[in-house]
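Residues per chain are reported as follows:
Protein chains: 2
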Amino acid sequence: MSATSIVTEKPSWMTQDFEQKLDKLARVAVECGLGLRPGQEVVMTAGIDALPLVRKITEHAYRAGASLVTTLFSDEESTLLRFQHGADGSFDAAAGWLYEGMAAAYRNGAARLAITGGSPGLLSQQDPEKVGRANRAQSKAYRPALELITRHEINWTIVSAATPGWAQAMFPELPEDEALKKLWDAIFAASRADRTDPVAAWKEHDAGLHKRAEHLNAMRYAALHFRGPGADLKVGLADDHLWLGGGTRAGNGQYCIANMPTEEVFTTPHKDRVDGVVTSTKPLSYQGTMIEGIRVRFDGGRIVEAHAAKGEQVLRQMIDTDEGARRLGEVSLVPHSSPIAASGLLFLNTLFDENAACHIALGQAYSTCLKGGDRLTPEELAAKGANDSLIHVDWMIGSGEIDVDGITATGASEALMRRGEWD
Amino acid sequence: MSATSIVTEKPSWMTQDFEQKLDKLARVAVECGLGLRPGQEVVMTAGIDALPLVRKITEHAYRAGASLVTTLFSDEESTLLRFQHGADGSFDAAAGWLYEGMAAAYRNGAARLAITGGSPGLLSQQDPEKVGRANRAQSKAYRPALELITRHEINWTIVSAATPGWAQAMFPELPEDEALKKLWDAIFAASRADRTDPVAAWKEHDAGLHKRAEHLNAMRYAALHFRGPGADLKVGLADDHLWLGGGTRAGNGQYCIANMPTEEVFTTPHKDRVDGVVTSTKPLSYQGTMIEGIRVRFDGGRIVEAHAAKGEQVLRQMIDTDEGARRLGEVSLVPHSSPIAASGLLFLNTLFDENAACHIALGQAYSTCLKGGDRLTPEELAAKGANDSLIHVDWMIGSGEIDVDGITATGASEALMRRGEWD
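Protein chains in written order, with the working numbering: chain R, 1 to 423; chain X, 1 to 423.
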C-alpha cells in the first residue's frame, strides 16, 4: 500500500508564499482560464495528487458563483493495478457511461476544467499492446465529450498541478520535497501565478497573442515550410483557415483561455497537403508512455513512414487508431524565446513542452480554426481540409535551429521564423 | 490548505499485520460482498481518505476478473467549500449527469461497490436549510441508480474504511493515529477480516442469517410489537412480506451480501399499518449531520409527530422529502448480543450501528422483501403495502431493554425478543 493520502504534517516548503501562489493559480484558472459564468456548473478532472489545487479551484469557483463543482479524480496506482492484474481480454473496455455523463453535463451548460500533472512514464513498463488497446477504447468513449471541447462549444481550460511522480521524472537527482517545490515554482512562473496581479498579466499576454494571430491571418499563407536538422516539411493550410492564439469566445458565449500556460498561435493544416519529413525535438508523454525521437514522412497529408527511438510500438498503435490519426489536425508556432523554453526545463508534459516549441498535432482539427467553422457540417469541414479523428496528439518539432517560411498563394516564400525566433 | 494527500512516511501502526487484514477485507468485499462475475465492470464510490482500501479492492477485483474498475472519489473538504462559499440559490443543483451515468453502468451490467466512512458530523455547522435542499436534490438525481439497487437488479455491497474524521468523532480523546488504528481494528473484527479464513467465516455467518429469516418467514406474522422505554409501536408487515438476511441472489444472477458487516434479518412493513410511538436508541448520522433523540408518533403508517433532541430541523426536512418519507420502508431485527453491539462501540455510522440494534427505515421499501417482488409493478407493490420514496434512512430503536412480539393473523402475541435477545 502506498502511503499517499495519509494525513500528516505539511512539508516545510508549503510556506505562506506557496499558499498565496497556489491561490493565485486557482484564481486565474477560474477567472481567466475557465471564464466561469455565475450560476454555471463545473466538471473538473484531476489526479488525486492534485488535491491541494483542486480544493483551491473549488473554492474560487464557488466564490465566482459556480452552481456545483464536481471533481472526477483519477488514481495512477489504480490505473497501474489494471495493467498488472487485469484479464487479457478486458483492455478494450472503457467507462463509456462516465464519458457520456460528462458530455451530457457539457451539453447542459457545464464548464470543463482539467488539471494535468500525471507521472510522465506511468505505463512505460506495461505491455504496449494492452496500453494501446486501452487508449483506443478510452478515446472512442471520450469522443462525444471531446467533440464539444474541440468545437469549443463550451468554455474550458487545462491547468497543471505538481505531483510527486511528475516532479521525480523531471528532477530525478533531487529529494522528493525539493523536486516538488521546484516543479511548483516552474508551474507558478509559467502560469503567471507569481505576478503581483496575475489577472492583469494574463490580459496583457492574451492581447499579445491575439495581435500575432491577426497578423498571420492577414497574410493568408497557403502553406508553411519547416526546415532544420531532420526537418523539411511543407504543411499546407486548410482553406479559410484562421490563426488563433490566447483566449476564445466559446459557443456558449463565455470567453476562456483553454490552456494555461499558452504561448502559441495555431491553425488548421490541410489534411491532404502535408509533405516531407520531420523529427520530434522533445520527448512526448502520451497517456503514460514516453515516445522519443519520432521521425515521420508525410505524403499527400498522410504519414507513410513512422519511426521512434523509444516507444515506437505505442506510436504505431496511436497512428493506427483511425484514418485521421495519420494526418495533421493542428500546426502551431511558438518562439524559442518563450518563457517556458527560456526556463531551460524539459517538462515531459505536453501542456508545457508544446508552449516551448513549434509543434504539430496528429488527429482531430479544431473547427474554431476555420472561418465560420462552428456552423459547418462534418462534410463541409472535410472539404476545406479539416481532419477528423478520435485522437488529438501534439508533439514538438521546433527548436533554436528551425526556420519557418510562409508560402503565399502564388508560391512565394516569406521568412516567418529564423533559428526559432519570429523574423 | 489541508495537508491530506501529501506523500509521506507510513504511520507506525501500518504494520504487516494491518496490511494482511486490509487485504482480507478487500478480498471478502469482492468475493463475498460483491460476488463479482468474471468479466463484470465495477463502479466504486469512496472518499479520498479510503484510498488504501480502494486500491486493495481494485487489485482483488482485477484478480477476480473485473473488466474495468472505476472509482468515483468524493472529497469532504470540497463538499464543505460548497456550503461555505456557494451562492444561496445554488443548493438545489445536483450532478444528475453523474448519477444517470452510474445508472447506465448498472443497466449495462456493472456491479456497485460503495465504501462508507465519512466524518459523521461533517455538515453539522452548516445551514440546515441548505443541507436539506442539497440532500433532496441529490436524492432526486440518484433515484434512477437507487432503484436498481433497492430492487437488487444488480449485485452490490457496502463496506467501510477508517478515516481520520470518522475516527476522531468516535475517539475524540485519542491521538489521530491511535484513533485510526482502533477504528480499523473494529472494522476488521466486525467484517471478519481478522479471521484465518474470512471467506469461510462469512459463508457460515450467511447461512445462520438465512436460517433465522426462514424461521420468521414460516411464522407469517401480521405485525411486530416493540415495547420498552419510549417505545410502544406496532409495525404491520406488508402482505406477502419476505424476511431476508445475509446474501441475496440479484436480478443479474450474482449472489451478493449487500452490507458488510450485516447482523440483521429484515422485511417490508405495511406503509399504512404502523401505529404508536418510538424513540431512537443511538444517534443517526444523516448525510453529514447528527440527529439524536428522535421521538416520533405514527398514525395509520404516517409520522404525525416528530421531535429530535438534536438536528430536529434536518429530521423535519428529511421526512418532508416526499409523502413516502414519513412512512416505513424497512423493519429489522438484530439481537443486542450481536458482535458489533458487544464491541461496546458507538460507530456513528449506520452501516455499523444498524447492525448493533433493531431498527426501522423511513422511505423506500426493498421489493426483494416481497414474494415475487421483482416482477410486481409499482401499483402492485403499493397495494401490498410497500412504501415508495426518494429516501431510505435507517435508524436504531433497539437496545437491551426492548421486547419484541410477533402478532399472528388472528391477533395472538408470541414472544420474539426479550430484553433485546432472541427469545
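It is worth saying that the hints were derived from the structure and are not from the lab.
Be aware that a few hints might be false.
Given that identical chains are not distinguished, each listed pair holds provided it fits within a single copy or across any two copies.
Simulated pairs of lysine to any residue, SDA-like, Cα-Cα distance not exceeding 25 Å [to be verified]:
no., residue 1, residue 2
1, 10, 388
2, 234, 253
3, 234, 410
4, 10, 343
5, 182, 374
6, 130, 63
7, 140, 38
8, 140, 39
9, 234, 312
10, 140, 99
11, 10, 80
12, 211, 308
13, 130, 72
Status of the hints after comparison with the structure:
1. In the homo-oligomer, the alpha carbons of residue 10 and residue 388 never lie at most 25 Å apart, since the shortest distance is 47 Å inside one protomer and 48 Å across protomers.
2. Proximity of residue 234 and residue 253 under a CA criterion of 25 Å is satisfied in neither setting, with 36 Å inside one chain copy and 60 Å between copies.
3. With identical chains, the CA atoms of residue 234 and residue 410 are at most 25 Å apart within one copy only, with a shortest distance of 15 Å there and 93 Å across copies.
4. Taking CA atoms no more than 25 Å apart as the test, residue 10 paired with residue 343 passes in neither setting, with 28 Å inside one copy and 35 Å between copies.
5. For a Cα distance limit of 25 Å, the shortest separation of residue 182 from residue 374 qualifies neither inside one copy, at 41 Å, nor across copies, at 59 Å.
6. In this assembly of identical chains, residue 130 and residue 63 lie within 25 Å of each other by CA distance solely across copies; the values are 16 Å between and 43 Å within a copy.
7. Proximity of residue 140 to residue 38 under the C-alpha cut-off of 25 Å is restricted to the inter-copy arrangement: shortest distance 24 Å between copies versus 32 Å within a copy.
8. Taking identical chains as interchangeable, the C-alpha atoms of residue 140 and residue 39 lie at most 25 Å apart only when they sit on different chains, with a minimum of 20 Å there against 31 Å within one chain.
9. Taking the closest pair of Cα atoms, residue 234 and residue 312 come within 25 Å of each other only inside a single copy of the chain (24 Å); across copies the shortest separation is 73 Å, beyond that limit.
10. For a Cα distance limit of 25 Å, the shortest separation of residue 140 from residue 99 qualifies both inside one copy, at 10 Å, and across copies, at 21 Å.
11. Proximity of residue 10 and residue 80 under a CA criterion of 25 Å is satisfied inter-copy only: 21 Å between copies versus 27 Å inside one chain copy.
12. Taking the shortest alpha-carbon separations for residue 211 and residue 308, neither the intra-copy value of 37 Å nor the inter-copy value of 65 Å comes in at or below 25 Å.
13. For a Cα distance limit of 25 Å, the shortest separation of residue 130 from residue 72 qualifies both inside one copy, at 24 Å, and across copies, at 23 Å.
The structure is inconsistent with the numbered hints 1, 2, 4, 5 and 12, although it conforms to all the rest.
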